[in-house]
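**Student:** Chain residues, written in single-letter form:
Protein chains: 2
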Amino acid sequence: MTRVAILGTGQTCTALSVPLADNGHDVRLVGTHLDREIIDSIKASSVHPDLDEQLPMSVTAYQLEEAPEAFAGAEIVLSGVNSFGVRWAGERLAGLLPDRALVIAIAKGLEAAADGELRILTDVLRESWSGSQRDRHSVSAITGPMIASELAARRETCVVFAGRDQAALDYLASTFGTDAYRVWTSTDLVGCEVCAALKNCYALGVGLAEGVLQARGGSDRPDRMHNYEAALFAQGAAEMRQMVAVLGGDSETAGWLPGVGDMYVTSTGGRSVRVGRLLGGGARFEEASERLGHPTLEGAAAIREIGGALPKLVRRGMVSPEDFPLLRHLYEVIELDVPVDVPWSSFFGGEPGHRRTTAHASSD
Amino acid sequence: MTRVAILGTGQTCTALSVPLADNGHDVRLVGTHLDREIIDSIKASSVHPDLDEQLPMSVTAYQLEEAPEAFAGAEIVLSGVNSFGVRWAGERLAGLLPDRALVIAIAKGLEAAADGELRILTDVLRESWSGSQRDRHSVSAITGPMIASELAARRETCVVFAGRDQAALDYLASTFGTDAYRVWTSTDLVGCEVCAALKNCYALGVGLAEGVLQARGGSDRPDRMHNYEAALFAQGAAEMRQMVAVLGGDSETAGWLPGVGDMYVTSTGGRSVRVGRLLGGGARFEEASERLGHPTLEGAAAIREIGGALPKLVRRGMVSPEDFPLLRHLYEVIELDVPVDVPWSSFFGGEPGHRRTTAHASSD
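As they're listed, the protein sequences go chains A and B. First residue of the first sequence? That's 1 in the numbering used here, and the numbers climb one at a time after it. First residue of the second sequence? That's 365 in the numbering used here, and the numbers climb one at a time after it.
These aren't lab readings, by the way, just hints derived from the structure by calculation. Predicted model, so just to flag it, every value in this text is computed and none were measured. Careful, some of the hints might be misleading.
[Stated by the list, open to error] Example chain B residues on the side facing chain A (calculated, C-beta under 8 Å, incomplete):
| no. | residue |
| --- | --- |
| 1 | Phe448 |
| 2 | Ala531 |
| 3 | Ala532 |
| 4 | Tyr535 |
| 5 | Thr539 |
| 6 | Tyr592 |
| 7 | Ala595 |
| 8 | Ala598 |
| 9 | Val629 |
| 10 | Arg655 |
| 11 | Gly657 |
[Unchecked claim] Derived coverage of chain B by chain A (criterion: at least 3 residues anywhere in the stretch with Cβ under 8 Å from a Cβ of chain A; other residues may be distant):
| no. | segment |
| --- | --- |
| 12 | 417-431 |
| 13 | 475-481 |
| 14 | 501-507 |
| 15 | 638-645 |
| 16 | 658-672 |
[To be verified] Per label pair, the in silico range of CB-to-CB distance:
| no. | chain 1 | residue 1 | chain 2 | residue 2 | range |
| --- | --- | --- | --- | --- | --- |
| 17 | B | Asp414 | A | Pro339 | 50 to 60 Å |
| 18 | A | Ala215 | B | Asp414 | 46 to 56 Å |
| 19 | A | Pro339 | B | Pro703 | 45 to 55 Å |
| 20 | B | Gly717 | A | His294 | 42 to 52 Å |
| 21 | B | Gly717 | A | Gly353 | 34 to 44 Å |
| 22 | B | His658 | A | His294 | 48 to 58 Å |
| 23 | B | Arg498 | A | Gly353 | 26 to 36 Å |
| 24 | B | Gln578 | A | Arg291 | 32 to 42 Å |
Glycine included, every Cβ here is placed at the ideal spot set by N, Cα and C.
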């Protein structure tokens, strides 16, 4: 039996308590200051208000002020806070980490420095840690297609634990893995984290299609624009592959669960697709966000962060100005309120006959 | 104005007459012996019974016995017959091909020789041609995500024309390409053709998920098995990449429109997904085919052809027995009536902890 402390009670990290409890581990869910009611609910009835499944009775819940009790003796610590709370989580964990705990995190995103350098969030998490904490605790990440409700319902889910320490990954994989929750490992932490961030961007891109169709006056038969979606998906896959290579990862990582697998599941629905649909229909980003009730939009945030860094990476000679045309257009749409006008002719290295001209120069 | 003769009036090749006519070309649609009523309908009203859009008035239709008139002076010939009719089409074209015509084909599949060697259909098409015909006419192929009804409705569609002759590809691309129908080119004919065949196989695989869920007693909430589908999609993408390399293509081809792009669109619906759903629900292949009215199932045919060749490729040392676990299982399900039992532990090079054992040995 392994003691696992989880910081955060979002759907994904809460659902991860299911395979852990199924394996007989001692799982301790610690809410953030935003999670008081969720923790109250789990304490009272083992039910997370946003997950339909009842959690295993062995999962115990703690309010944030009870965190020291929950973390005492934990052998594995899971940072379940999303990309917006990574710094906050790192600071909390600095005061809570047991000496020999393995750390694994689920936040998806990249953070741009002033010079455009893009950092993976597992590194951002460690920023406030002491030197000896950084030496003792490598941070691994969970990537791959993982809809929380399906995981909680014990439907087959295949994921990749990524990190720099293979022995730690093996131990984590054997702790979390069940017949329903199947875990592969990868030491391409950078590649996996880049894919995890970008799949949200490109799922938002795929979402544009339905909105564009509606804006054109409806969707009789054929009722979708699957070809349009598939072209966006394919360009997203190609750009993901290239960005992994630019940032020093293994481009092969984009070809399986962390890349196209996760992008596939994210493109079938969820918040990024919904906001993409509204943008495709002509809404400005702020309108779209408001219509959805200002939800957490990791995809849009990643587009701002990575898209904003691209010109700096161009100046540093790391990418060419023609690279990443879909990501650049998504940035224009979200950050600069440019109307959606997919730059098809600059996709896939440039359409024959358009290769010499700057495609859609007017909207660049 | 270019004269283009099309043999076959399936939805896809008929829809291709739309961008050609939009570009002002002289398009001649020739029905096979199975297409008499379709040709009558187009002659009478420019309507293809299975496509909602009216065809441009400039498209002319011919019965098979009128083919010599249609093909006279054609500069481009499109073989629009599916994989089951490739030999038949090759024989017809042998008697019809104008001397300098460029040929392009849309059939998707691979053909296995007795020793397991897998041949692309553009080569099978040329089999009955004379030596000088083969010298004069290279055959290119259209690959990528292309739902015919959307193409006919002039919704944006991005495809790849693949062939061995770049000058021919450039001419074909400029003849077919419009603002809605956007054409890239690739000289990796083998890679593109392998992807075109395999995406139907793996889309059938993705279809299993919903059937499995139904067989387990329904789909309340969560209402799908997206994680399950995404894992199948990712394994399909990885196997596609590997098969392209095994057969001498460029594995990068699997990463964009011909590979994951086309697999994405094919996995969202269509016959392969529907038959997969029935198989996942427990039907034997013959039952599933009967319930769907014995439609043309290129995906199932490709699984039989390629899956049947795999043991021979293993004996020839071209692939290892552990390779292509999803394709092998699909073959077992379709050809040997083995119940669906996805061999997760053998996916992605083998799940940690299962690498030394033969996964699911009982169903091999």
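**Student:** All hints are to be evaluated individually against the structure, with a verdict given for each.
**Tutor:** Hint-by-hint comparison with the structure:
For the restraint placing Phe448(B) at the interface with chain A, the shortest Cβ-Cβ distance is roughly 24 Å, beyond the 8 Å limit, so the hint is violated. With its C-beta approaching chain A no nearer than about 12 Å, Ala531(B) sits outside the 8 Å limit, and its interface hint is violated. Proximity of Ala532(B) to chain A is violated relative to the hint, the smallest CB-CB distance being about 13 Å (cut-off 8 Å). Taking 8 Å as the C-beta contact cut-off toward chain A, the hint placing Tyr535(B) at the interface is violated, the least distance being around 10 Å.
Taking 8 Å as the C-beta cut-off, the interface hint given for Thr539(B) is violated, the closest approach to chain A being about 12 Å. Interface restraint check: Tyr592(B) against chain A, minimum CB-CB distance 5 Å, threshold 8 Å, status holds. For Ala595(B), the interface hint holds, the least distance from its beta-carbon to any beta-carbon of chain A being 4 Å, beneath 8 Å. Given the 8 Å rule on beta carbons, the hint for Ala598(B) holds: about 3 Å separates it from the nearest Cβ of chain A.
Annotation: interface hint on Val629(B) holds; nearest CB of chain A at approximately 4 Å, less than 8 Å. Taken as an interface hint, Arg655(B) does not check out: its beta carbon lies about 24 Å from the nearest beta carbon of chain A, beyond 8 Å. Because the closest C-beta pair between Gly657(B) and chain A is about 20 Å apart, greater than 8 Å, the hint is violated. Interface restraint, the segment 417-431 of chain B with chain A: violated (0 residues with C-beta to C-beta distance below 8 Å; minimum three).
Chain A is given as covering the segment 475-481 of chain B, and this is violated because 0 residues of the stretch bring a CB closer than 8 Å to a CB of that chain, at least three being needed. Evaluation of the coverage hint for the segment 501-507 of chain B: breached, as 0 residues show C-beta separations to chain A shorter than 8 Å, against a requirement of three. Closer than 8 Å: that is the beta-carbon criterion, and the segment 638-645 of chain B has 0 residues meeting it against chain A, so the requirement of 3 is violated. Coverage of the segment 658-672 of chain B by chain A is violated in this model, with 0 residues showing a Cβ closer than 8 Å to a Cβ of that chain against a need of three.
At about 35 Å, the beta-carbon gap between Asp414(B) and Pro339(A) misses the expected band of 50 to 60 Å. In this structure the supplied range 46 to 56 Å is violated for Ala215(A) paired with Asp414(B), their Cβ-Cβ distance being about 28 Å. The hinted range of 45 to 55 Å is satisfied by Pro339(A) and Pro703(B), whose Cβ atoms lie roughly 51 Å apart. Roughly 43 Å separates the CB atoms of Gly717(B) and His294(A), a value that falls within the hinted 42 to 52 Å.
At roughly 52 Å, the beta carbons of Gly717(B) and Gly353(A) sit outside the given window of 34 to 44 Å. At roughly 52 Å, the beta carbons of His658(B) and His294(A) sit within the given window of 48 to 58 Å. For the hinted restraint 26 to 36 Å between Arg498(B) and Gly353(A), the CB-CB distance of approximately 30 Å keeps it satisfied. The given range of 32 to 42 Å is respected by Gln578(B) and Arg291(A), whose C-beta atoms sit roughly 34 Å from each other.
Hint check: violations occur at hints 1, 2, 3, 4, 5, 10, 11, 12, 13, 14, 15, 16, 17, 18, 21; the rest are consistent with the structure.
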